[in-house]
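In UniProt numbering, the protein residues as written are 1 to 406.
What the hints contain is simulated information worked out from the structure, not anything from laboratory work.
Hints are all accurate, no fakes.
Derived BS3-like pairs (lysine-lysine); straight-line CA-CA distance at most 30 Å:
(1) K172 to K329
(2) K33 to K17
(3) K329 to K365
(4) K333 to K365
(5) K365 to K170
(6) K172 to K115
(7) K333 to K172
(8) K333 to K170
(9) K365 to K115
(10) K115 to K17
(11) K365 to K172
(12) K170 to K115
(13) K115 to K33
So the derived label-pair ranges between C-beta atoms look like this:
(14) K33 to T93: 18 to 26 Å
(15) K115 to P391: 34 to 42 Å
(16) T298 to Q361: 22 to 30 Å
(17) T343 to P391: 25 to 33 Å
(18) R310 to D351: 24 to 32 Å
(19) K333 to N7: 53 to 61 Å
(20) G308 to R48: 52 to 60 Å
(21) G156 to E258: 51 to 59 Å
(22) G13 to G121: 25 to 33 Å
(23) N7 to R369: 34 to 42 Å
(24) S330 to R376: 16 to 24 Å
C-beta: ideal position from N, C-alpha, C; glycine also.
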Amino acid sequence: MEGTFINGTVHVGADAKQRFHDARGYGRMRDGKEVELAPVEAAHLLARGDLEEIIIDTSSHSDDAPSTSQIHPGLDTVDSDTSEIYSTDDSSTYHVGFRGFLIYTGMARQFAVYKDLRDRGFYLSPARPSWPGVDSATDNQSDFIVYPRGMGPYDGEIAHRIRVIGEREKVKISTLGNIVLAVVDEDGELTYFETNSGSAFHDLISQEVNESDSDDGGINKIANEPTAQDQSSLPTDVSVDVVNDRVVCYDATTSLYEQNFYGQRLFGRNADTGPLQFSLIEAAYLAQQGVIAVDTATLVAIGRDVEGDRFDQRLRVYAALRHHHTVPKSGFKFGADFRVYTTFEEIDSLDHSTDLVRVCQTNMKIYPRDLSLDIRLAGGVRKRMVFALTPANGDIHWLSVARLTL
Numbered sequence: 001m002e003g004t005f006i007n008g009t010v011h012v013g014a015d016a017k018q019r020f021h022d023a024r025g026y027g028r029m030r031d032g033k034e035v036e037l038a039p040v041e042a043a044h045l046l047a048r049g050d051l052e053e054i055i056i057d058t059s060s061h062s063d064d065a066p067s068t069s070q071i072h073p074g075l076d077t078v079d080s081d082t083s084e085i086y087s088t089d090d091s092s093t094y095h096v097g098f099r100g101f102l103i104y105t106g107m108a109r110q111f112a113v114y115k116d117l118r119d120r121g122f123y124l125s126p127a128r129p130s131w132p133g134v135d136s137a138t139d140n141q142s143d144f145i146v147y148p149r150g151m152g153p154y155d156g157e158i159a160h161r162i163r164v165i166g167e168r169e170k171v172k173i174s175t176l177g178n179i180v181l182a183v184v185d186e187d188g189e190l191t192y193f194e195t196n197s198g199s200a201f202h203d204l205i206s207q208e209v210n211e212s213d214s215d216d217g218g219i220n221k222i223a224n225e226p227t228a229q230d231q232s233s234l235p236t237d238v239s240v241d242v243v244n245d246r247v248v249c250y251d252a253t254t255s256l257y258e259q260n261f262y263g264q265r266l267f268g269r270n271a272d273t274g275p276l277q278f279s280l281i282e283a284a285y286l287a288q289q290g291v292i293a294v295d296t297a298t299l300v301a302i303g304r305d306v307e308g309d310r311f312d313q314r315l316r317v318y319a320a321l322r323h324h325h326t327v328p329k330s331g332f333k334f335g336a337d338f339r340v341y342t343t344f345e346e347i348d349s350l351d352h353s354t355d356l357v358r359v360c361q362t363n364m365k366i367y368p369r370d371l372s373l374d375i376r377l378a379g380g381v382r383k384r385m386v387f388a389l390t391p392a393n394g395d396i397h398w399l400s401v402a403r404l405t406l
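With the hints as extra help, turn the sequences into a complete structure.
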């Protein structure tokens, strides 16, 4: 069976409706007679041997499409028995097998992901306008729409939206969220990252997070309800000393540290008494709340001298996390801005932190390799990686990213 490549899609007649569309969810119907396939679907059928060749009429395609000589340099014809390329009497029309079609369409990465998902038992559709199961309003950042196993494009359920990128391709972090990033590395190996987004941190952590593979140590489902801290127990106008980039507090240490987990013991982690040391972020927040008697602007100025505008961004995120009834602490040892405790009652019953938070600008672009490093580290210590997208003005947008095992 052969198909014809016309205006970006492959048209197949004969019994393609029964064999490909109805039985296995390929393509869409055209005029009730032909099946219209996206190039990646046609490539998969070529690779399976369900299609023998595809006829390409170059006169109907863009000028920048590869020529016959570019597909096979130095060769005008190739034996059709090898499923490659051979010309017809019309010099603008030629026949290709899988090899030639893959080069002509330039979609090796997309094919690798499509075949992997098909091999895993999923039906999926290319995210093309007017394609079955595709919503053009929500799927413009996707390459594929994947359906739950046993379901197809007409069943009304979607398992994943997939975007395909290579490991050297930067991705704008604000375009992620409620999508699966399929990264094809230089060896052709595939890694899937699930991204979820929300405008509120606790809306985000109540979503189910799939367990990663055993190499990552596993990431458990986080669905904890926020435990409200009793802010009424906080003192006011507590005297403190500003010492370089630290703020030292000698009073009300039980209320601040043991009951609300602000600061650390200056005399060491095993000390039961003694003064507290606050980070500049903690101190600036406590000053904003009127808890400590120091000018907020003074602390912010010191913070800006130390780390520039990032201090303001980190302070906004810290305040938001506190207002969501979580406890953020330094995430330095994990390479993040904050580690976050989603439940806290008192210091003696402190559990492990559940999330690592990195503060970033909304226009930040990141390489998949750097994203993988963050996720690998978070997974290795059984935490979830969360990015706090922090604009100059407006609400913080929370993005969680975890490795996905399909």
